[in-house]
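Novice: The primary structure of each chain is shown beneath.
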Amino acid sequence: MKQFLLLLTVAACALGLSWHRTTRAGNAGLPDAVSTATAAASTPVEPSFEKNIRPYLSQHCYQCHGGEKPKAELSLEKYKDDAALQQHRKDWDSVVEMLRSGEMPPKERPRPPADETAAVIKAIEAVASRSDCGQVAPSAGRVTIRRLNKTDYNNTIRDLLGIDFKPAADFPSDDVGYGFDNIGDVLTVSPLLLEKYLNAAETILDKAVVSIELPKLTRSDIGGLRVSSGAGERKQPGGTRMIYGKGDIYGMTSFDEGDYIIHASVWAQQSGDEPARAALSVTGPESKSQEFEVRGTVEHPDHIQIRSRMKAGTHLVAVSFLNPNPPPKNDDPAKDGKRDDAKPPVQRRLYARSLQVEGPFDPPPQVLPEAQRKLMTHREGVSPREAAREIVERFATRAFRRPVKPEEVERCLSLFDKAEHDGQRFENCVRAALYRVLVSPHFLFRVELDPPAAKRGAIYAINEYELASRMSYFLWSSMPDDELFALAGKGQLRANLAAQVTRMVKDSKSQAFVQSFADQWLTLRKLEIASPDPKLFPNFDQELRTSMIRESELFFEAIMREDHSILDLIDADFSFFNERLARHYGIDGIRGAEFRRVKLPANRGGILTQASILTLTSQPTRTSPVARGKWVLEQVFNTPPPPPPPDVPPLKNDKQLTGTLRQVMEQHRANAVCASCHARMDPVGFGFENYNAVGAWRDRDAGGFEIDSSGTLPDGKSFRGPAELKLLLKSKKTLFGRCVTEKMLTYALGRGLESYDRCAVDKIITALEKNDYRFSTLLVEVIQSDPFQLRTATGERP
Amino acid sequence: MSRPARISRRTMLRGLGTVMSLPLLDAMIPRPLRAAAAPVADAPRRMAFIYVPNGAYMPAWRPKTEGADYELPPALEPMKEHRDQMLVLGNLACDKARPNGDGAGDHARASSAFLTGAQARKTAGANFQSGTSVDQLAAARLGDRTRLPSLEIGIERYRGVGNCDSGYSCVYEHTLAWRSGTAPLPTETDPKAVFERLFSERANDPGRLQRDRLRSSVLDGVLEDARDLDRQLGGSDRQKLDQYMSSVRDLELRIERSEKLPPVQLPDGTRKPSHEPEDLTDHFKLMCDLMVLAYRTDVTRIVTFMFGREGSEQKYRMVGVSEGHHSISHHQNNPDLQAKIRAINTYHVTQLAYLTGKLKELPEGEGTLLDNCMLAYGSAIADPNAHAHDDLPVLLVGKGGGSIKTGRHVRQRSETPLNNLWLSMLDRFGAPADKLGDSTGKLAGLS
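Heads up: the protein sequence lines correspond to chains P and D, in order. Residue numbers 0 to 797, in numbering that gives the first Met the number 0, belong to the letters of the first sequence in order. Residue numbers 0 to 446, in numbering that gives the first Met the number 0, belong to the letters of the second sequence in order.
These are calculated hints, taken from the structure and not from any lab test. Note that CB positions come from ideal geometry on N, CA and C, so glycine has one too. You may find that some hints are simply not true.
Pairs of lysine-lysine, DSBU-like flavour, derived with a Cα cap of 30 Å [as the list claims (entries may be wrong)]: (1) K121/P with K77/P; (2) K149/P with K191/D; (3) K534/P with K441/D; (4) K206/P with K271/D; (5) K434/D with K68/P; (6) K271/D with K149/P; (7) K191/D with K206/P; (8) K77/P with K50/P; (9) K149/P with K314/D; (10) K508/P with K121/P; (11) K259/D with K417/P; (12) K70/P with K359/D; (13) K206/P with K149/P; (14) K191/D with K165/P; (15) K441/D with K359/D.
Some chain P residues near chain D, calculated using beta-carbon distances under 8 Å [claimed, not checked]: (16) S439; (17) A701; (18) G751.
Assemble the whole structure, with the sequences as input and the hints as a guide.
Specialist: See below:
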């Protein structure tokens, strides 16, 4: 039991996920955050820099962080008022972090009383978060050009070429920033990745560039005819082949699918009364052979032919000699040196020249996927280069997600020209040009350009093509479809935003949103590497793991598609089970691997009681109330606790800790170093103790103690059991709404949120409150928000 | 040596789902070269940097006495038969892994500072920055002598889950190699992909020349696009495009080089690994085999190898640890947990011993391939419970072409920067530098 406890103490830092820095103020904890969110309305006297912050700084900080040479090049003395603080949020975020972690003031300096430090932290955050949203935001932010991440790349290729084969599977993993893998700043390009781009482009084009022209009807010789060994001769005048024994004159040639006529010119040297007989045949899936009597002579050869349906591929064409003379007797004249003149003077011989294939007649219609057919389509009767221009221009326009300039097409065509100069087939020349498109930075990055000559700091609306891309990569993780592209072309996308969002959500491509956004927000990908101890949880296997993830995805998807309130994510009366998962939950009557919608019993409902979340917040051998509490703080309220100090003092060995896990934890929390944060995490975590480390229900813990899942949140509200706890959590609407908004906006923008984004977030929350927290409201408001619609110029574009 | 038969891509793919036997590259486990093989006159020196996450249980790692007669500590026991090839280095420190005013995040800082000696900028995304790493410094100087300037491999596939350490971007935790402070290089964990990177699918294929020519034209072309685009971009966009452009140039050079260099001679019967082994030990062995193969064929001379991502939660059930590595590394002086950490440390050293053994089996010149290697092995964390960054666990294996006197335990003055070791290795590698990150000079006592 003691080891248990020791693990718990470090569980927060042991989680490996730790916390991420939020740029928003008021993240001190559940109750703090609630009060901060409403501070502006309810507190009559607001804290100010002059009154509430400066005295503390001057007493504890200025000595080092002031004067001519401030330590760490950070002068706090230069800040004079609220506005100065608000303009340098980043500096003050780190000041708060230093104070909160106790790292500053440094150990060798006198330590300020804890309540003074707590008060100043609160004041800094209150001042920092106060700004006037009525005015124009100081910045709309600027997302760094984003290269397509693996998901984007796969989906974009799918939609660009109509082939769905996940070419990015072996690309290096995308880095994660701010909890998501689509953050422009951390998506890097390395030589390794570029090499993979080349490999992928080659594979993609091998699949995509296929000739759409029907094979031409031709009649051609089969070259390099051979003769069965020991039965004839190859070296005859004029490429003629001669055969005197049982065997064939044959050659290989390639066929397209269709009917072919095989022609042969044959003659014979006759012997005796019986005419020479030959068979003309072609092998392949449907071999065909026909016999002929050969009566022609070298001057007037016989023309024989057969007609056969061929499959595409290389097949054997042969003229067989059916009736050679019997083999010579042992008295070979060459051996004994004398001739027997009585024997027939001539050997029956078959000659053949010019085996030809003519075809294909009646080839099958080309059955190509629509996208591939479209790729190579061009106007009739134009020069190859004009045709190529048409193909490349259409492709690059879609690949670059914007109209292309003639010179850009011309540049790509330089590769066409080069290949054509080398005498390559049309398809190969086009392929070379398309290759360049697929490796171009305009394809691999989602480029957004400032308007020409825009001044530094100028805020402008991104153009509608850029907007179309932002929307489609947000909801589909893929390129805009024709409809979005057409609207952007007409400049009508902004005017039709809500309708387009509805359409996009309905489209099956919005699955990508579930699997990218929801999986990352809810940290479901972590379940892929969770490994419950096989001895303790023998029922946990790959199928159960996959089913758990699927349940959460289907649940999120239903909330989204059916336009529920986002609050239903915390508690709802339905979910999706297959047989395996239902059994895990102890529910009967569901058969088969297929998932179906289920009305839930009272002890389940919402993401927090889904086996996925319960498992991924557990240790391999046991539950971790700390981890579960921390997960709620991070993913449900976006108020992550600070990381634990690295060297937590060990517990005194003489102090025997006994009782249930809860009792042990409570004794342990007497340690002041741990108490402040664990008071926020542990009660929530213990509320879910009825679910074991793989999310199954239990009444007793592993030690046989009855589970006590009651508790009191830091705001003083009490609960008995997970159902009541969920109701309490669900009632924190603004806090949860803010969390989902911040996570979704981060994902949508591809950058971390900055202080100037606060007004945009507030506006979205106001809209959510007015519209019962509808999912669709959230999506539309995110897309309509300033940071999504606008961009701040760097002033560097000429 | 005859040229291996080319296996078509399709054949390989077919092979993937079927044979699930031990996926070790039997043929790649080096056998002594034939006597007829040309003696290597001036064997190139190779260097590798092998990283183990979450520090070590130091009482089981640190020898009690210095010099040649030290008693081999328990965690180093697997290296027993190679102790004459090994230097145990004490008292090296990685100061830039410390907070230095940045608060929590020792794990992220440790891996990013290990080869750079630079303080990672604390950011979850925007403007992340470390420094140029020692391997990349060497690769920039001498990498043009081989097909690949350097190779970055690891064991743990990064799955991009949630947040990383205390407000630091995940990028800091899963690579050691930084081309520049803003250009981290990803690590490849899939043995099949490593093989393809080393030898390319069609290494000795006559069609390769044509393909490489097309690639060169494509790269030329897109570089033109990028330059044009660069003029219209600003701010951090430019930095991203720079990464793209330098990667394009890198690949162009690589294609040029591969035309000049002699064809790669793969040992007889070498087969491409078909997939990533389920079993962790198999995976380790396979990656070690690939590293040996890379050295042996002289495709590269510089390797970074992460035995685990920093802060790793890998479970080592084969040595009785079912908890996550990082979780138990905060052992709180609990003897059970300390024993488990020690078991993991020993497990990792066992893999090092396997690698060392393989290098030792290969004759090169008058000695063995190992003689021409410098394998630095260690962590930028010592005691994980305290996140200590001084007196780090560091080993140096191989004689560096006769330039290193192995078989000893050598301690430095306390707080000697780890980067001083890197400078000394650069000297021996033939790419001397005066300064790298927080280095203060060269390391005494290696020769």
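Novice: Against this structure, judge whether each hint is valid.
Specialist: Quick rundown of the hints versus the structure:
| no. | hint | verdict |
| --- | --- | --- |
| 1 | K121/P with K77/P | 21 Å, holds |
| 2 | K149/P with K191/D | 19 Å, holds |
| 3 | K534/P with K441/D | 51 Å, violated |
| 4 | K206/P with K271/D | 24 Å, holds |
| 5 | K434/D with K68/P | 27 Å, holds |
| 6 | K271/D with K149/P | 25 Å, holds |
| 7 | K191/D with K206/P | 22 Å, holds |
| 8 | K77/P with K50/P | 16 Å, holds |
| 9 | K149/P with K314/D | 27 Å, holds |
| 10 | K508/P with K121/P | 44 Å, violated |
| 11 | K259/D with K417/P | 23 Å, holds |
| 12 | K70/P with K359/D | 52 Å, violated |
| 13 | K206/P with K149/P | 19 Å, holds |
| 14 | K191/D with K165/P | 17 Å, holds |
| 15 | K441/D with K359/D | 28 Å, holds |
| 16 | S439 | 5 Å, holds |
| 17 | A701 | 14 Å, violated |
| 18 | G751 | 5 Å, holds |
Against the hints set out earlier in the document, violations occur for numbers 3, 10, 12 and 17.
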